[in-house]
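A.B. asks: Taking the hints into account, I'd like the entire structure generated from these sequences.
Protein chains: 4
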Amino acid sequence: MSLNSFGRVLRITTWGESHGRAIGAVVDGCPPGLSLSEEDIQPWLDQRRPGASRHTTQRRESDHVRIVSGTFEGRTTGTPISLIIDNEDQRSKDYSDIAQVYRPGHADYTYDAKYGFRDWRGGGRSSARETAARVAAGAVARLVIPEVRISAYLVELGGDAIDRDAFDSAVIAANPFHCPDAAAAQRWERKLDETRKAGSSLGAVVECFAEGVPPGWGAPVYAKLDAELAAAMMSINAAKGVEIGDGFAAARLRGEENADAMRAGPTFLSNHAGGILGGISTGQPVIVRVAFKPTSSILNPVETIDRDGNETEIVTKGRHDPCVGIRGAPVVEAMMALVLADQKLLHRAQCG
Amino acid sequence: MSLNSFGRVLRITTWGESHGRAIGAVVDGCPPGLSLSEEDIQPWLDQRRPGASRHTTQRRESDHVRIVSGTFEGRTTGTPISLIIDNEDQRSKDYSDIAQVYRPGHADYTYDAKYGFRDWRGGGRSSARETAARVAAGAVARLVIPEVRISAYLVELGGDAIDRDAFDSAVIAANPFHCPDAAAAQRWERKLDETRKAGSSLGAVVECFAEGVPPGWGAPVYAKLDAELAAAMMSINAAKGVEIGDGFAAARLRGEENADAMRAGPTFLSNHAGGILGGISTGQPVIVRVAFKPTSSILNPVETIDRDGNETEIVTKGRHDPCVGIRGAPVVEAMMALVLADQKLLHRAQCG
Amino acid sequence: MSLNSFGRVLRITTWGESHGRAIGAVVDGCPPGLSLSEEDIQPWLDQRRPGASRHTTQRRESDHVRIVSGTFEGRTTGTPISLIIDNEDQRSKDYSDIAQVYRPGHADYTYDAKYGFRDWRGGGRSSARETAARVAAGAVARLVIPEVRISAYLVELGGDAIDRDAFDSAVIAANPFHCPDAAAAQRWERKLDETRKAGSSLGAVVECFAEGVPPGWGAPVYAKLDAELAAAMMSINAAKGVEIGDGFAAARLRGEENADAMRAGPTFLSNHAGGILGGISTGQPVIVRVAFKPTSSILNPVETIDRDGNETEIVTKGRHDPCVGIRGAPVVEAMMALVLADQKLLHRAQCG
Amino acid sequence: MSLNSFGRVLRITTWGESHGRAIGAVVDGCPPGLSLSEEDIQPWLDQRRPGASRHTTQRRESDHVRIVSGTFEGRTTGTPISLIIDNEDQRSKDYSDIAQVYRPGHADYTYDAKYGFRDWRGGGRSSARETAARVAAGAVARLVIPEVRISAYLVELGGDAIDRDAFDSAVIAANPFHCPDAAAAQRWERKLDETRKAGSSLGAVVECFAEGVPPGWGAPVYAKLDAELAAAMMSINAAKGVEIGDGFAAARLRGEENADAMRAGPTFLSNHAGGILGGISTGQPVIVRVAFKPTSSILNPVETIDRDGNETEIVTKGRHDPCVGIRGAPVVEAMMALVLADQKLLHRAQCG
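Residue numbers (the working numbering), protein chains in the order written: chain R, 1 to 352; chain C, 1001 to 1352; chain F, 2001 to 2352; chain S, 3001 to 3352.
Hints listed in this document are in silico derivations from the structure and should not be mistaken for laboratory results. Check each hint, because a few of them may be wrong.
Unchecked claim - Below 20 Å or equal to it, Euclidean Cα-Cα: the simulated SDA-like pairs (lysine to any residue) are:
1) S/K3197 with F/K2317
2) F/K2317 with S/E3257
3) R/K191 with R/P215
4) C/K1197 with R/K317
5) S/K3317 with S/V3155
6) C/K1191 with R/K317
7) C/K1197 with R/E256
8) C/K1191 with R/E256
9) S/K3317 with F/K2317
10) R/K197 with C/L1253
No experiment lies behind these values; they were computed from the predicted model shown.
C.D. replies: See the structure below:
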């Protein structure tokens, strides 16, 4: 059942809580002989690291990753790769006053309902800190698919969308929002500053674009590439929606508008499908969008109850991202890499 | 890896092609002692059956299900339940002229790219006919969760949305569109007639509402209830997007708007979350929306290529649904039932 | 969890009871493009078929297999292959007098204890009839590993072992016992006739030899080739022991006796290891032995209890194999084929 | 596929090499609320720890386990339990002279054949050091099945079997061989001393006895309790055979001899079946025996080849167990605990 594992051939198992000693991932099924060192993983973690700008949580974590198994003389051996990231800045006392109160929008109530009690320090296992382990594992997955280039960026923040005509991939790394539209990035900065000062938070939509995926990855019918991507993305903290290609907008098109006509090559004259037909890649870019809800931890008071059922109000102090979608982008990339690498190996298994 | 299996504890494996001898599902892990006969399954298949109105394909299939294992004296025994539905109206010749041509929007090209050849009769395994097996299996899953009531209906057809204030669940079964808004159903009828006559097709959005799910189903982090639902729904033919609760709209809310405040009970003052927090059910209704693209098989010509790479044009005659989303609703219900039943058993395994 | 599924990449799911309408197997993950027709499967089923000699059960089943999905124009398509064998000679009334009594050595009591009731017709799901589905699936697996030759034969019957010096593979098919020693076969015939007349039964040891397995199949540490074979073999009805290579005899050797020295080639000077080291094939023949207990259904009375706990005695009439190990040989071969085919694909997934 | 994972509901993933930084296990699916601290695990590791007597390897490892996730305030939370054991005494230089030579009986050649290269330091992932992670995980599993008492002991060493009439469970912990027969323990001591001095090694047979297993655990047909145990045991380093109950001896009994007659209670008049019928527990003690080959690392020279295919001879110095079966006993216990705990949860999932 593998509650905390993901993937079929290339399979990760993650563990760890927000304020435990460490978090980690075990990457199993990785092909042997790939060049891998901690330097291959660290840059991806740095992208996701908290505290990089005032627009993300001020928790300070170096997120230094250690590879403690699965490599020898700088190469993967084919055995499990264990990745460990120590937790450093564990100010659990920030949370002690909410130990007995359920934070709306968080997993506090549901963990309690399920397990009878919970690790209330920073959300425990339900914290987005778990996604650092995914980013580390995703860095390994990237080595399995050198033919693929993956890019995730925000296309909407707090309901303010980018201008597609102003899309410039060079801009993505040049602002703290992974925003491909320079003008939008400026608007978002003001918007987010204002939101943070108002004690509130915003949602976002992250788009992920994977180029270089050859035709044939994915498999009918429950291992469809899009089904795997949907599970992968929806498992990310705060994700509430997933689209492939035109997604919900496709539901508003007529058949002939939505059809991606083919010409010799083969080439496609459009990509409404987002690079996937019948659950199998077409050779076009694979495009996924993920909706992130606004951060649930806000300074504005919200009505709630405590563990004994008494009504109360909560103000969540801690150190939180005013928009979790921003740090969601590197996680979306990692999940894309994990799914594609897995499906590449899966395809090789069946089809040689 | 189980390409054609779904579920963890209650697990289905489906098989069969559109124009093969039969299709079927094996349901494994079902609890023993449940009363089960073919009469428990047939009504759900009848809901999905083709040819029920002029708004669905005119292929004639009685979709009669047979239980060939797993029950004894009218009760489930705990062993695999094999369900078989014979294919009757296999007019494969309808398809022979497209054997060599790729239908845009279909899996024709990708199956060929993956496997080197394909069963071109009606799409073979990539046909939505596979979903009949899911509906049959879903009927078994419903028996596992008698506490839950599931309802799926269309909230949008061809971009025309229902009026939420006119929502009347009694109307759903009274029109061929599973539409809960009587006025919208009338508009949709005209719209779809006109579309069919124009040789085109429309997309749709199906919403599924599951009441009675207790708090505690679902599990961190890759077995989250919403991640499972996302995979389940995205694996349905023509699905291009999945949302939980407010979904993409949540990305446009501020933190305090999106928070579902709690009061004694516990009760929630809203359900933006769609009944799931941290991947675990809250006890509120579970709400999922699925976007279906317009049917790819249309009479309007589309540019394409043949297997040899020559450019050509295609007009897909066959017998097709002008809007696959309509018959998608019973499939969405079935997948909801399968996910919830599975998660109920999974929860029982870990938490007793 | 897949209680009734086996395999990782090439994965079978079996269903059906001894006296239900039919039994079957779904083979998922099979490579595309393999030539497959019912004629490729039937001969293997015929080897296992009951009623072939007086030394096996007199139940008459033609065991005619139908391929109902997964092939097109005589080749596998890469989609699930559904195999169905109808049950014909279902004399359930033979069993009605034992419906309320537990047959010692059978699963009667344990199924009742687990599920609260059971399908008592011929053992239901616990019947060795399920193994026909494995043999059918194994025939498909053989196509995946054309480089491998598999042979299973009895090396011991009722405690009477073959003379290894008299081993003649040509003799195996020439007697009803799959016995490679002509003299032993004659002794066994007398022994089994006498046993059957005495209302008793005998056990057996089946050895399986697989030649042509290249080095490198199998994977550390829980997907070891020997661990997979052990599970595969122990899941066969009446199996009580599994050995690889020298097996229990290896426990009596000294280190230098057990070491399979290597010479250039590489070649090995012996094969105590049975072709597996560290869970991975060495390139030598893979050798497994399986111990089958004597048939539990015997005419000699045995003390037992009924469902209400009353003490009684049982005489099992029915139509039973006096030595289930005989018909076990083709099943052992099938399981060997399934494990090796699966591991071949698994190896290809990870190591290309 | 989960090459390095084991179990269905309670699932472990192990990682780490003999001479890497650390080894570990992630235990997923554990029920919440169980009292667990490092003190619950350490004693089991101490039983397996190297260097406890002159009869085991002289490698010095404190095998101190750390729980780095999955507990809160001394109780399991239901989230993954990460267990880490640092490697301390890594004298890799002992191995550098064998880096280029294949040790017969080891996985050296097969790892190279599979992966193209290998971590030669102490066998890397193929080292029995991995079993420490199993023992740690097994300690967690024991908490899930407080109703079960598990005991593993040697019944044979170097071909010298215990006297069953002299069986005294109190003696097991009183000698370095886990031997339940005091006289045999004395003989074994002399035998092993002499073998070690002669530069050789011995095999052993370990028996494991699990009392308190209720009827109903295990499931047809590929999740049979005995099939799971067979896989579990055969995955242990140096295991070459597995028997349930009478095992291979059952193949020499007649039907009426092997039948475990039942009387009111129910009670059984014998336990040839080893507590399992039809893959499901009977309520009698579950009995398994595992054959361990003699340690492959011996001082006596063996013919072999190097990585370039040149013929040579090898003498394995290092620090090795003269009989790996001795330290195998705690590992067998751990695997028994893991299988039973998993099957308990699996049973609860399906049957409530």
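A.B. asks: Going back to the hint list, which numbers does this structure go against?
C.D. replies: Numbers 1, 3, 4, 5, 6, 9 - these are the hints that the structure violates, sorted from lowest upward.
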